[in-house]
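*Asks:* Going down the list, the sequences are from chains A and B. Counted from 1, the first sequence has number 128 at position 129 by numbering that gives the first Met the number 0; the numbering is strictly sequential. Counted from 1, the second sequence has number 10 at position 11 by numbering that gives the first Met the number 0; the numbering is strictly sequential.
To be clear, the hints were calculated from the coordinates, so they are not data collected in a lab. Each hint should be verified, as a subset may be incorrect.
Here are a few chain A residues that sit away from chain B, every Cβ distance over 12 Å (derived from the structure) [as the list claims (entries may be wrong)]: (1) 102; (2) 190; (3) 277; (4) 455.
Residues on chain A that point at chain B, a partial pick, calculated with CB under 8 Å [said to hold, decoys possible]: (5) 53; (6) 55; (7) 63; (8) 139; (9) 175; (10) 195; (11) 196; (12) 257; (13) 409; (14) 410.
Note that CB positions come from ideal geometry on N, CA and C, so glycine has one too.
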Amino acid sequence: MVAEAQHSTTSRAAATSDTVARQHLLLGTAFLLVAGFLTTVQVLKAVFPGVLDGFGFWTYGRLRPMATAIAVFGWLTITLIGAAYYLMPRLSGAPLRYVRLAGLNLWFTAAVVVVGALSVGLGMGDGFELFEFPIWADLLLVVALAVPAFVVAASMRRRSDAPPSALLYVVAALVWLPAIAAAASLPGLEPVGVSILSAFTTSAVHYLWVMASGLGIVFYLAPKLTGRGALFSDQLARIGFWTLALAGGASGYARFTHGPGPEWLETTAIVLGLLLVVVAITSFINVAGTLRDHREEIRGSIALRFALAGALLIPVPIVLSALAGFRSVAAVVGLTSWWDGTSYFILFGIGGWITAGFVYAVLPRILGRDLFDTGTAAWHLRLTLVGVSVASIALWLEGLAAGFTWAGGNYSGAYVNTGEGFVHTLSAVSILQILVLIGVMVTFCGQLAHGYLIYRTVTSGSPVAQEVLVPKEADGE
Amino acid sequence: MSNELTAALAEQLAASEALVRRSADARAAALGTTPDAVLAAWSGAAAPPAPVRPEPAAPREPEPEPVLPEPKPEAVTEAVVSPAPAEEQASAPAATRQEEAPAPLREPEPVSSGSLGSLVLGSLVIFAIMLIATVVAPSSSPNAQTLDAVERIELSADALQGREVYLAEGCAYCHTQQVRPIVTDADLGVVTLSDSPLVPGFQRLGPDLAHVGSRAPTDSGSRLTGYLTDPAAFNQSSRPSFDYLSSRDIESIVAYLLESK
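My request is simple: use the sequences and hints to build the entire structure.
*Replies:* Here is the structure:
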């Protein structure tokens, strides 16, 4: 009877942590739809500025940070935190502590994101990329992001054994995130200092949060869904982890090469950007090695295909960012849409595919309902693959075209880059802007398919057995 | 493994026998005991088997890959399948899920390089060092000090207020205020230095505004006001109208642009 009682108690406690994870995944999906819609309108405004003109809330300058904030902190962050709550007990054996706090913090985080984004829409933003909220909302966001780090740290407190790589990536990312958010609120910097800080924190969110968490998820999903059991190489994963920790934030200034910051900072950023290629190589080898000889499993699992797409395409933005940092390349693509292409690819591509793979793999298990229709999930993958690729490639080409036009104008005198003459330098990229809009709209269609599928799964999915965690030992906690 | 015991437990837990068997195997493998002992413990017939705890703190050599990988469950937890919602059990028995479930994760042998806490703390220290070295240090050492004959722009109170409006309206997402020492920016004016009080911006969907206040025709306040409130009147259909801003905000943003020289 003792065993029964213990079993029952621990089952209940662990089930709650899965419930919190499930709530995160579902709310994250809702935010994805809002972010996808706002991003589409934002790009529409960039191409046709006259649409919805005269309404402050819908101006490009306010829409863009609103859409980005909801995508990063509403959709991706909430989903990735949910993933961490699911993975942590399974990879460490330690049950999640303070589950009620974790559950309450979900709604607090959502409220901060909504109120912060609305504040930006009402013209109260502070112009700091990604962390655009007014300072009071930024500070609330730091608190909201610190809670998951605290919950996981408190849960892992008594563990002294070496962690698997997936857990290391996920937990480290969860701890980095509030540190990044706190750094973004550093006071007393002049505008150029703010710009340097913004480059750091934006890059850190891309690499130390989205990519690190994403890699952690893939390092869990790939061995599990293929049945291989183990990652191809734990050592490679560790090399990638420390490289990411070193270069993830500081490589960001490569975006402002030739800018008003110190030249040594540019050089440092360029070198660290090249170092990130190590992350691309190690993660590629690790995922490819893990999935080698598992074609059947890949074909049979939509979740695995999503995770594979996200993981294997990680080298694309890393290599393009590293290239764009070089002074000769930056002279062309600096301050152009090139960097928007990279950002879009990381957030909506890599982040989107990996989180979708995770949701499709895990949600049925903790929901007790099978995916309503895997065909819709396959369409989600197709549409987002096409949409994100078209939008990102068009943005990269737009950057190249704009940069060459500006340089060409100065060489030949054909264009005037200042004042009213500037608009003529954009004529070469107008078709590319249309392509960006098409790509973003196709991506949004894929996101709508995802939202529909999740909704139908929750409401009408075939009931299947629900996974319930049973910790091996209560451990006195 | 005792079939009777398995069946009894499966009935008791409302789960499939296959799942109970798998869970018992997993628990036994993790604890270093037999599945029968685990089943007995679960049924209450015997004390639960004592867990085998790993050696604390002792560094471990990396273990070679086993020749025949033997799947075992996730580190120290295992998935147990609970029944589907009661009203739907008849249409979808729990066993269905179990049969379709992918193989459990065999946790890789971790690299013996410290506990999770120390690793994460180490990564946080690296983050802090990089932040100080590449943000705080360069932000407090402007390169303008090394150049002569460069006058720092001082913004008036109105212009500083205008800079806040400029930031809140997201102008920096379309306009830069930085001139780089490259041929691309050759016709944009004097190169921007690190002590500039202007907003460097992120990208140029519109023209650079670093010297907008010293260049005709934008060196006129009325012209700038017209651009902001009624761009169509100036054949500027590609830019948005800011006529929703208060006259005070328009005045301050114009002051900021006029002082951007």
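*Asks:* For each hint given before, does the structure comply? Return the numbers of the non-compliant ones in rising order.
*Replies:* 2 and 8
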